[in-house]
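Taken in sequence, the protein lines are chains E and X.
With this note's numbering as the guide, the letters of the first sequence map in order to residues 925 to 1492.
With this note's numbering as the guide, the letters of the second sequence map in order to residues 925 to 1492.
Think of the hints as simulated: they come from the structure by calculation, not from any bench.
Predicted model only: the values in this text are computed from it and were never measured.
Misleading hints may appear alongside valid ones.
Identical copies look the same in the list; a pair holds intra-copy or inter-copy alike.
Subject to a maximum C-alpha distance of 27 Å in a straight line, what follows is the list of computed DSS-like cross-link-like pairs (lysine-lysine) [what the hints assert, rightly or not]: (1) K1439 <-> K1002; (2) K1427 <-> K1283; (3) K1002 <-> K1447; (4) K1163 <-> K1148; (5) K1439 <-> K1148; (6) K1447 <-> K1427; (7) K1398 <-> K1139; (8) K1002 <-> K1427; (9) K1230 <-> K1197.
The lines below spell out each chain.
Number of protein chains: 2
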Amino acid sequence: MENRLRVLIIGGVACGPKSASRLKRLMPDADITMIERGRLVSYGACGLPYYVEGVFPEVRMVSETPVGILYEPAFFEKVKGFKTLTRLEAIGIDRRRKIVRAKNLETGEECDFPYDKLVLATGSSPIRPPIPGMDLQNVWYMRHPDDAESMVAEIERQGLRKAVIIGAGYIGVEMAEALLRRGLEVTVVEAQDQILPQFLDYEMATLVGKNLRQKGVHLVLSEKVLSVEGKEGKVSSVKTDKETIEADLVLVGVGVRPNDELAREAGLVCDPKGGIVINGYCQTSDPDIYAGGDCVVNHCANPAIKESMFLPLGSTSNKHGRVIADHIAGISSPFVGITGTGVCRVFDLTLGRTGLTEKQARMLYPDIETAIWAGPDMPHYMPQSKPIVIKMVASRSSRKLLGVQAVGMGDASKRLDVAACAIFYGATVDQVINIDLGYAPPYAPPMDPLATAANVLLNKLNGLARGISPVEAKRRMDSGEDLVILDVRTPEELMMMRMPHDKVVHIPLGALRGKLDQLPKDKDILAFCKVSMRGYEAQRILNAAGFDRVFFIEGGLIAWPFELWTAG
Amino acid sequence: MENRLRVLIIGGVACGPKSASRLKRLMPDADITMIERGRLVSYGACGLPYYVEGVFPEVRMVSETPVGILYEPAFFEKVKGFKTLTRLEAIGIDRRRKIVRAKNLETGEECDFPYDKLVLATGSSPIRPPIPGMDLQNVWYMRHPDDAESMVAEIERQGLRKAVIIGAGYIGVEMAEALLRRGLEVTVVEAQDQILPQFLDYEMATLVGKNLRQKGVHLVLSEKVLSVEGKEGKVSSVKTDKETIEADLVLVGVGVRPNDELAREAGLVCDPKGGIVINGYCQTSDPDIYAGGDCVVNHCANPAIKESMFLPLGSTSNKHGRVIADHIAGISSPFVGITGTGVCRVFDLTLGRTGLTEKQARMLYPDIETAIWAGPDMPHYMPQSKPIVIKMVASRSSRKLLGVQAVGMGDASKRLDVAACAIFYGATVDQVINIDLGYAPPYAPPMDPLATAANVLLNKLNGLARGISPVEAKRRMDSGEDLVILDVRTPEELMMMRMPHDKVVHIPLGALRGKLDQLPKDKDILAFCKVSMRGYEAQRILNAAGFDRVFFIEGGLIAWPFELWTAG
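Build out the structure end to end from the sequences listed, making use of the hints.
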């Protein structure tokens, strides 16, 4: 037994148990111990908003196997064959002697764990805003099953009614839906001028925000929370730089930071912005110490994107776990990095992105082109067909696809995953239109939305299509500039919904070739339709007739993130 | 006007109107004429089964724009700017003089169309089996809106009740659902021993067949139709080599063949098996004649697959249309080929494949490895989580992914499209597990099914996992061989469903390490669970304990395509 490889894993969620389980399958003789400071191991924190919403009945289901067996030390011992110790916190690493010192959080005792290989899977912690009131009762984070369980219990016990969510990231918007569906009044306060500022560009986020508001969520943008106020030790309101919002429940979702203190104290290289630095095999600067999961920074799989990213996700943690186990066992299966894919459901919308947003891309590249496309996710004659809006970001010089965002009631998740794969392989926009995606009426129109969006971008890159983003169109319309806003839809469509502007000229596309005399050649014309396919056709028809100042509003009314005039 | 480029397009569906519309946008001065022998243009034939099913109310919706405008000559003239002539059949090409001779099918008159560039988009025609009875009343094909409209009308008018579908391809299985949902009794007769023989391997097809039978479709496999019998000029039964099946409606779905006669007669190079041969710009052997859509053979986008494929799909036709228009207009946007992606919904199952099936791959490569994986499409705690079964085919030497099949109630379409993209880029199995696919509970488990399936295949390629396919396991179980069938599920799971075999040993995985003495080392052990993740763990535990003859049944009970004993 003396020469069994001793592997110590710090952290019992996602990367930790994954690497331990796989390693035990690869090296049955290894002596593997996993320590976790919490009481629970191997839970799916991403499921917590759905528990709060009431989608499934018991919070312990996020820490069970699919057949209902609890992930607990006895399970890992019996089924997976490694030792798990909970309520044990690692407090120091002696790299020279290869010993981790840990403290029993129940008894206060300290003990030493010698290791041959060490795995840091210490996760991340929610950022605690440096404002007064964070210690009041009824302030929650949403990181651990205990958070969700106590929130649900206290909503019931105290009859909590008014929730304020600080921060409009993924957790913020998911929890807005969960709490609204539980019957609470929900306000989301975000310091920036849009929701999901890390994930979506302004117009895509504003489209989601419009939907959230329609569902009854109060969105408060561009306001900074100054304090959480209390009465008798409990939350009573949230004070921003502009107003005071009544509240009896506060959820804080302003992001997480990697738990890299242990690594820093042990002298391992960490990113200045936080996160342990690892190589392709998840080794830290000490080759006998691996790290994975939420405590590391990732590099990008697409060599076009050189920035390292801190993007903690269970999917990445599991990949790290496998890579670590393989490398310890002598199998080379490098982790090639992430592409920054994220997806989220809010009410009936799917939203997400992969790669870079336009904002991020413009900070890295001088020659960005973008396109917004809107349309149905399957042929219009299928009654379950629903719209999606896709935004693509590419480099003009390399024609490489750098990022894709998608928002819609239709199947956006499929298009995001295909885009993630394309970006993983360094796809050019030209290639994307050639991918042989599955076509059948219940799944896609003959030209998949992703291909059609790429076509629009390609037409822009090739100088054929002259699009204008909805945000820019709105800005110009609001500026009082002398423009022609050209609606090329049918009269029936016009009855249903209109662009809220008093200078709209209406000429259905089919009549356009015969009514050219109604349009000026010396003014900018912004054409649009429901999705701006006809808007683009109008641009080409007018160009052919000698009109040079024509643009189409990208994505048309479906992608228009602002108010519209609707019938009834 | 004399030097306007004259472009003639033969064929008014998919590739034809796509190339005409795009070319007009690129070259507003071009003189473009599209001729079509039918009465209708630009319809989506793939939608017809859904019309028959009653999913949408009017068949004309398959030939309308999303806002309800009929694609007709006046529409193309006014909106798209090109001329469309219907009921006009091209009967000969004089390549030297660059003239197409065409016949007016209403008047019988013939006329000549000079061209500078010619586009052949002549489509495909259903194969008519060379058996008696094909001219009887109530025998249908399903290629044209008229087929669907007359079938629905005649079912109502004559009160047709018993349908026999000849051929179990995509059209056959889609129509089986459509007719069953309309209230007819449906029998599908297929000469091969499985449904969808061109698209799925035996075990995947058998899984779909099991579902079709559960829904009430009579599946008759391995029987050859000899004739359709009639009474008073109408269908009365279908005679196979083994039985006579009563029928008052017959749908023929035994495939289509490319309409390449015009091209052959003009001396253009065609594939010996049928289909016009084109280069990457969709040019035929005459550079002034392009061809696209169902009348051509395609090459494969993945250079690992050298076979040309005849796989007529609206998605490919539209890609061809764009490439043709671009090339005529001087833009180089080559068509890189297809990957053989197809998807289809039958009742609550999604099924499809991309790349090669195992059967196809084994004909091309000597070193094929496969894996079958089954599991939920999102975390088990999400109530809408549903199973999918994925089969992967790869080359052992290159580790390239050659094909993926998927079947299931869960979101298989997304995984197929991602796989199509991966195969498009020549992915290795090792790369597939690294793709950064979107993770959130409503969309995927932390490790996406596609990645997990690739993990299984990788474990097989690396010699860690020893899987056995369900078909092989069944064969060995039925052979009377002295095997141990090891069920490692919980006692609760055992109550619900069992492997129908009298030698099953039941040891839950958690108890396995303590009960090794109950298993023999000198017999083959086939382990399984619900999806065979635990089956694989059992294999590794037993290997570590010195058992060398252990295999797990791939995909477990979920992917088991044969009968099971179920409770109640």
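**Request:** Go through the copies and call it for K1447 and K1427: within, between, both or neither, with a Cα cutoff of 27 Å.
**Result:** within (13 Å within a copy, 84 Å between copies)
**Request:** Check K1002 against K1447 for me: Cα-Cα at most 27 Å, and say if that holds within a copy, between copies, both or neither.
**Result:** between (76 Å within a copy, 25 Å between copies)
**Item:** Up to 27 Å CA-CA - K1283 versus K1427, copy category
**Value:** neither (31 Å within a copy, 63 Å between copies)
**Asked** Given a CA cutoff of 27 Å, do K1398 and K1139 count as a within-copy pair, a between-copy pair, both, or neither?
**Response** Classified as within; 24 Å inside a copy, 53 Å across copies.
**Item:** 27 Å Cα threshold - placement of K1427 relative to K1002
**Value:** between (73 Å within a copy, 25 Å between copies)
**Homomeric proximity label, K1439 with K1148: Cα distance no greater than 27 Å** = Classified as neither; 52 Å inside a copy, 62 Å across copies.
**Status of K1148 relative to K1163 across identical chains (alpha carbons, at most 27 Å)** = within (9 Å within a copy, 78 Å between copies)
**Request:** At 27 Å max between alpha carbons, let me know whether K1230 reaches K1197 within a copy, between copies, both or neither.
**Result:** within (16 Å within a copy, 49 Å between copies)
**27 Å Cα threshold - placement of K1002 relative to K1439** = between (79 Å within a copy, 12 Å between copies)
Taken one by one, the earlier hints fail for this structure at numbers 2, 5, listed in ascending order.
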